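Numbering of the sequence shown is given in my numbering, commencing with residue 1 and proceeding in unit increments.
Everything labelled a hint here was simulated from the structure, so no lab data went into it. Everything numeric in this text was worked out from a predicted model, so none of it was measured. Some clues are possibly wrong.
No farther apart than 30 Å at their CA atoms in a straight line, the calculated lysine-lysine pairs in the BS3-like style are these [as the list claims (entries may be wrong)]:
1) LYS110 - LYS59
2) LYS110 - LYS68
3) LYS101 - LYS81
4) LYS28 - LYS93
5) LYS28 - LYS101
6) LYS59 - LYS101
7) LYS93 - LYS45
8) LYS81 - LYS93
9) LYS93 - LYS59
10) LYS93 - LYS110
11) LYS45 - LYS28
12) LYS68 - LYS81
13) LYS45 - LYS81
14) LYS68 - LYS45
15) LYS59 - LYS28
16) LYS93 - LYS68
17) LYS45 - LYS101
18) LYS101 - LYS68
19) LYS45 - LYS110
20) LYS28 - LYS81
21) LYS28 - LYS68
22) LYS81 - LYS110
Computed beta-carbon distance windows for the label pairs [said to hold, decoys possible]:
23) ASP75 - LEU18: 29 to 35 Å
24) PRO121 - THR66: 15 to 21 Å
25) ALA79 - GLN37: 14 to 20 Å
26) ASN89 - THR24: 24 to 30 Å
27) GLN13 - SER108: 21 to 27 Å
28) PHE115 - ARG34: 14 to 20 Å
29) LYS93 - ASP17: 24 to 30 Å
We put the beta carbon where it would ideally sit given N, CA and C, even for glycine.
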Amino acid sequence: MSWLRKIEGYTLQVTNDLLHVNTTSPDKDLIILRLLQEIINNIIKHAQASTIQIDTGLKNDFLLLTIKENGIGFDYEEARKRKSGLGLNSIQKRVEMINGKIDVISASEKGTSIFIEIPYP
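My request is simple: use the sequences and hints to build the entire structure.
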């Protein structure tokens, strides 16, 4: 995928615990792909990170996505209030479109962790 080429120069760690999943939801899967693309693009544009970690899993009919980076961090609540954070708003809307929940924890100079829970399939 072309968006993976952009992350050259980053240490990328992926843990995929979804290989055993036999069911899919094509419409939801596309939204999840776009969601991950948007998150990674935001990290590349803004975080000044050197490491990106992506963990995926399925628990009790919920897809769990965790994305962590070691960048500069930001004030998530403040960014949500501003209309200029289009990428952040897009991420929030995509999660809501598929009835998911998102939690963002960020600290200055300590990076950001994004936790997403989506009913699946």
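Which earlier hints turn out false for this structure, listed by number in ascending order? Violated: none.
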